[in-house]
Amino acid sequence: MLIKRIYDVLFNTFGPQYWWPGDTLLEIAIGAILTQNTAWANVEKAINNLKKEGLLSIDKLLAIDNETLKKLIRPAGFYNQKSERLKEFLIWLKEKGGCLTNINESTEDLRKELLSIKGIGPETADSILLYAMNRPVFVVDAYTKRVLSRHNIIDRKADYHEVQNLFVNNLPRDLNLYKEYHALLVKLGKTYCKKNQPLCEACPLTEVFLID
DNA sequence: CCCCAGGCGTCCA
DNA sequence: TGGACGCATGGG
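Per the working numbering: the first sequence = residues 50 to 261.
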């Protein structure tokens with residue numbers, strides 16, 4: 050099966066990625082919001098600012114005023130929106146009891162609730178579910194779509210669920226597999242599938258399609 | 001100077 | 001429903 054074989058090639062090429070980077074689950078969830086359309090290096094700066102101030106807790110972040118929060122997360126860009134999005138997410142999380150992995154609710158319900166928060170769309174919701182809440186949800190991002198469409202596996206304008214289902218329907222429902230696969234696709238994208246790089250000879254996926 | 005990055009909401013046809 | 005646009009910083 051194609052989807053499984055792509056995974057094997059990526060894993061053999063790059064090895065395990067151990068995603069998502071971050072010391073705590075809360076930090077991971079915050080990173081998922083801050084990284085929206087933003088280079089990870091800039092997100093790290095924002096998170097480090099919060100960490101230096103000892104603010105990486107739900108209550109402390111909710112306690113500081115918005116202007117302070119904006120200044121701290123400024124390097125991550127879109128800080129006016131992201132400060133609001135962060136606080137709305139934290140309010141929701143606090144209502145859920147404040148522990149990301151001890152929530153007695155179905156993944157489906159949690160996903161709907163996350164999507165109802167303004168500024169949290171499918172990718173951010175699924176990233177939080179998978180990496181911060183340990184729920185087996187496959188994450189689709191810009192790299193995933195670009196890699197697959199560039200190799201004619203999906204249409205360029207395939208929507209989120211269509212791409213997500215391609216993976217879910219062709220893989221065992223396994224938490225760590227989902228984590229590694231998404232991380233590997235990002236790794237591949239950053240290395241061999243950049244935006245204005247039409248096709249790359251060195252892309253390890255070419256071997257998959259030569260065999261077919 | 002340019003383009004881009006681990007999106008999302010809004011507006012408009 | 002789907003394409004264009006604004007949001008913003010920092011690196012290449």
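Treat the hints with care, as some may be off.
[Said to hold, decoys possible] No more than 27 Å apart at the CA atoms, straight line, and that leaves these computed lysine-lysine pairs for BS3-like:
1) 206 with 161
2) 119 with 136
3) 243 with 206
4) 109 with 53
5) 119 with 109
[To be verified] Derived DEER-like restraints, expressed as beta-carbon distance ranges:
6) 90 with 51: 31 to 39 Å
7) 114 with 243: 35 to 43 Å
8) 117 with 53: 43 to 51 Å
What the hints contain is simulated information worked out from the structure, not anything from laboratory work. Backbone N, C-alpha and C define an ideal beta-carbon position, used for all residues, glycine too.
Against the structure, the hints come out as follows:
1. The straight-line distance between the Cα atoms of residue 206 and residue 161 is roughly 24 Å, inside the 27 Å bound, and the hint therefore holds.
2. In summary, the hint linking residue 119 to residue 136 is supported, as the alpha carbons are separated by about 11 Å, within the 27 Å threshold.
3. Among the hinted pairs, residue 243 with residue 206 is consistent with the structure: their alpha-carbon atoms are about 18 Å apart, no more than 27 Å.
4. At most 27 Å may separate the alpha-carbon atoms for a hinted pair to count; residue 109 and residue 53 exceed this at roughly 43 Å.
5. Annotation: proposed proximity of residue 119 to residue 109 holds, straight-line Cα distance about 14 Å (limit 27 Å).
6. Distance hint check: the CB atoms of residue 90 and residue 51 are about 33 Å apart, consistent with the given range 31 to 39 Å.
7. Checked against the hint of 35 to 43 Å, the C-beta distance between residue 114 and residue 243 comes to roughly 39 Å, which is consistent with it.
8. Checking the proposed 43 to 51 Å range against residue 117 and residue 53 shows it holds: the Cβ atoms sit about 48 Å from each other.
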